[in-house]
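Asks: For the record, the sequence lines run as chains E and R. The numbering of the first sequence is my numbering, which starts it at 866 and goes up by one. The numbering of the second sequence is my numbering, which starts it at 866 and goes up by one.
Everything labelled a hint here was simulated from the structure, so no lab data went into it. Bear in mind that the values here come from a model prediction, so they are computed numbers and not experimental data. A hint or two may mislead.
Claimed, not checked - Quick list of simulated restraints, FRET-style, between CB atoms:
no., chain 1, residue 1, chain 2, residue 2, range
1, E, L904, R, G1170, 55 to 61 Å
2, R, D962, E, Q1128, 36 to 42 Å
3, R, D1358, E, Q1128, 54 to 60 Å
Unchecked claim - If you only want the chain E side, here are some residues facing chain R, beta carbon under 8 Å, derived:
no., residue
4, I868
5, S1086
6, R1275
7, W1308
8, D1335
Said to hold, decoys possible - Anything over 10 Å on all C-beta distances counts as not near chain E; from chain R, calculated:
no., residue
9, G1186
10, R1352
11, G1359
Glycine residues also receive a C-beta, built at the ideal position from the N, C-alpha and C atoms.
2 protein chains.
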Amino acid sequence: MSIQGFDPRTGAAVGAPVAETGAAEVDAICARAAGASRLWARTPAAVRAAALESIAAAIDANAVELAALGDRETALGLPRLSGEIKRTTNQLRLFADVLREGSYVEATLDAANPASVPPCPELRRMLQPIGPVAVFAASNFPFAFSVAGGDTASALAAGCSVIVKAHEAHPQTARATAAVVAQALADAGAPAGVFDIVHGVAAGARLVGHPAVKAAGFTGSTRGGRALFDLANARPAPIPFYGELGSINPVLVLPHAAAERAQEIARGFAASLTLGVGQFCTNPGLLFVPVALVDELAAAVRQSGGGALLTQRMQESYRNGTQALAAVAERVASGADSDAAFGAMPQLFRVDLESFAADMERHVDECFGPAALVVAYRDVDGVLALLDRLPGTLTASVHATAADAPHALRAVDALRGIAGRVVYNAWPTGVAVAWGMQHGGPWPATTNPLHTSVGATAIRRWLVPVSFQDWPDALLPDELKDANPLRIPRRRDGVPGLR
Amino acid sequence: MSIQGFDPRTGAAVGAPVAETGAAEVDAICARAAGASRLWARTPAAVRAAALESIAAAIDANAVELAALGDRETALGLPRLSGEIKRTTNQLRLFADVLREGSYVEATLDAANPASVPPCPELRRMLQPIGPVAVFAASNFPFAFSVAGGDTASALAAGCSVIVKAHEAHPQTARATAAVVAQALADAGAPAGVFDIVHGVAAGARLVGHPAVKAAGFTGSTRGGRALFDLANARPAPIPFYGELGSINPVLVLPHAAAERAQEIARGFAASLTLGVGQFCTNPGLLFVPVALVDELAAAVRQSGGGALLTQRMQESYRNGTQALAAVAERVASGADSDAAFGAMPQLFRVDLESFAADMERHVDECFGPAALVVAYRDVDGVLALLDRLPGTLTASVHATAADAPHALRAVDALRGIAGRVVYNAWPTGVAVAWGMQHGGPWPATTNPLHTSVGATAIRRWLVPVSFQDWPDALLPDELKDANPLRIPRRRDGVPGLR
């Protein structure tokens, strides 16, 4: 069996098919990853940081070729893909900073206290790598959430070896990126086997079930993610599975904002809806707006344009999704169609709040692509009352003016319970790579709401704690030695500092 | 159906049977917990801290009665149970300290940076409570890992409502403790429904499947924990399940330590093995010692005494476990038997390293109670080579002298990969409640190796992150307001401090 990439603009094959990775080869890769993981875990954080920067530099040096290849397989366009590559390399560099800063190990030192109940010995605690990690590349970000994306960067940073399962939508881009990453790691002196790649759905499933693999990261569909999550949990020794699945990203436009900034909001919405042909996990799929704003939104969507979706399957799925929306809501606008082979057209559907509230479940399925459902309300209290019953989501946004503040406060109080990121007067697409980012949320946004797949703390997913009790200083890891030779932030006897 | 507690010394019933909680009542309790959770989550941390201290004070005030009742149902003895109650109330007070200190919310503030790729808006991130938590009380700690134990204390601290599933071994103690906790919370002004208790296996399973319950904590057997873990993952919307299951707690005695401190080590071992009739999850069940030390260990075990196990079922299970050990190893010593109804006798089994290494799986099943397997070695390298293949465990211990340092270093390097806590020249029983404690480990020690069920960071299990993007200061939670009104540690633009 082999995997063939296609040009979404023409439907033509791109390059030669890539062979699926067989079971024996997956097993051999896992065995190498296990050996490499032991060495990589003991490689000083500063050396791992330098290796991440080597990967970043190598990808930047190959950015033109990688973007061109990615564009043939995804049709996302060179400007977007060049930007995404820059985002990817900045992400690798952020984790190099995180390693050098050192807080990520959560070093904690408690002196012995024989008087406490129970008596406390000397305890020194830190986080350490969990072991080999399987990373499932996403379709919609051929770089930033793929071979060298956030999961790979954070897991390598943590000291874990990484085995990527390439996405079927861009096998050539995956292979080319993997070659750059592997060479950069070898040049940086990282152990052989610390990074590898497999192709094919069966190879991915085998990774999740393999005893050597200790955790997995996934970005993709709810169906695919759930199947792998179930595999991970059914193992004789279950492993953490971090899946980012589906998200409808509700947006609430409050009355004063709608009245004062109707056109600006409508334009912003249409731009966010159609960015990347709507193929973002943070795409705004559900809007609550005053009845009067609907026409303005429809006008903006009519002026928008479609484009090529990533795969034929996504095109079919978008067709099914918009048909499902048409069955429960009125189509009030569509943008210009696309003549691409896998083309899709922006569409806006409308339903009244009363109908929506009467049967919410039928209205909140994610439709991946440039389609949204606008819920028209007359009574803002009616909207506020149902926000906390919306399904879990990566983001939720509120558009407001100062005069909307009392409603905005009620809205944020409800929305922080269902969303990982709550946005004020902006659109959810665009996920910054920063210390304070949260890219996660309650099911079905993710399989595990305690973590993020973007931002500095994404590294926490691949780290497990260990305490050393009463060990001689010379036998402790540097992070926990008495003199704090790495000068990292530590908590000592309960007090954070640099001691 | 009802649940009857028994006196392990006599086998007689203790008090009246306690009714199992029916499905409708479980549902009503969950609905109340969901409502209370919303209020409790918005209760200032300082107020939650005071409520935890109220619980601690109320339990201390009822310590004599609670210990007496606990002793009737567990036969663990008044000195141990009084100490355990003190540990329980100290644990509640530790979480009050954790709340006031404020690091636990991991407040993180990033200024906007339009120049970065992708552009970074203003982001303010913190942790917030996950929602109602189901807590499964353990058999072997009627206080510290039960109704008002570490899971309850940390979840209430986090701002979650708690529903405890009482353990069948001590229903009266559970009920009495729950009454004290509920009254103390009410007196402290906590919302009604923030804490409740259910009885019965069916009620526990219903909790784990209930849509209102958002996470669960468990301490108990591998079989029971796995069944509940599977239920939690099979839900339409899965929830995190933190189970502490089985642990064999290997101990390695290195050659110089064995030669220099044979008697001290043997006595320490026998004391740790028989503490609480061996009913500790950190009980040392597997020792690697030089051949010459075996006789000393056997002599110490012969001088030890048995006692009453908690339940008849545990007595049967101990009988089965020691029979299984006898099938693969030689019984070299037993201590004095107990004449209690549910009595058990300490037992020591011995196998040579070569036999152990040849078929490790048959030798590493946990036998709950005062039994251990000693693996006699001639070649320390042979032991060091297999340490990293031992099953996941809560603790691993090394006894060494300065002359053993090279071997100790190799040992700790391997053991930190399989254990949550690595102990030097001490015994694993006794789990301090501190910032630096780690009580967890790879499967089957726990279902989730990223977390601890003891110590300050146990609170992290019940917290999920949320980021606020571009929100006006007045609409932000106090933890994230610009002026840092709560004066908590925060990371601002990547730098930890108090800004």
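Asks: Now, for every hint given, state plainly whether the structure supports it.
Replies: Hints, one by one, checked against the model:
no.: 1; hint: E:L904 - R:G1170: 55 to 61 Å; verdict: 48 Å, violated
no.: 2; hint: R:D962 - E:Q1128: 36 to 42 Å; verdict: 53 Å, violated
no.: 3; hint: R:D1358 - E:Q1128: 54 to 60 Å; verdict: 35 Å, violated
no.: 4; hint: I868; verdict: 30 Å, violated
no.: 5; hint: S1086; verdict: 16 Å, violated
no.: 6; hint: R1275; verdict: 10 Å, violated
no.: 7; hint: W1308; verdict: 4 Å, holds
no.: 8; hint: D1335; verdict: 5 Å, holds
no.: 9; hint: G1186; verdict: 20 Å, holds
no.: 10; hint: R1352; verdict: 13 Å, holds
no.: 11; hint: G1359; verdict: 5 Å, violated
Hint violations for this structure: numbers 1, 2, 3, 4, 5, 6 and 11, all remaining hints satisfied.
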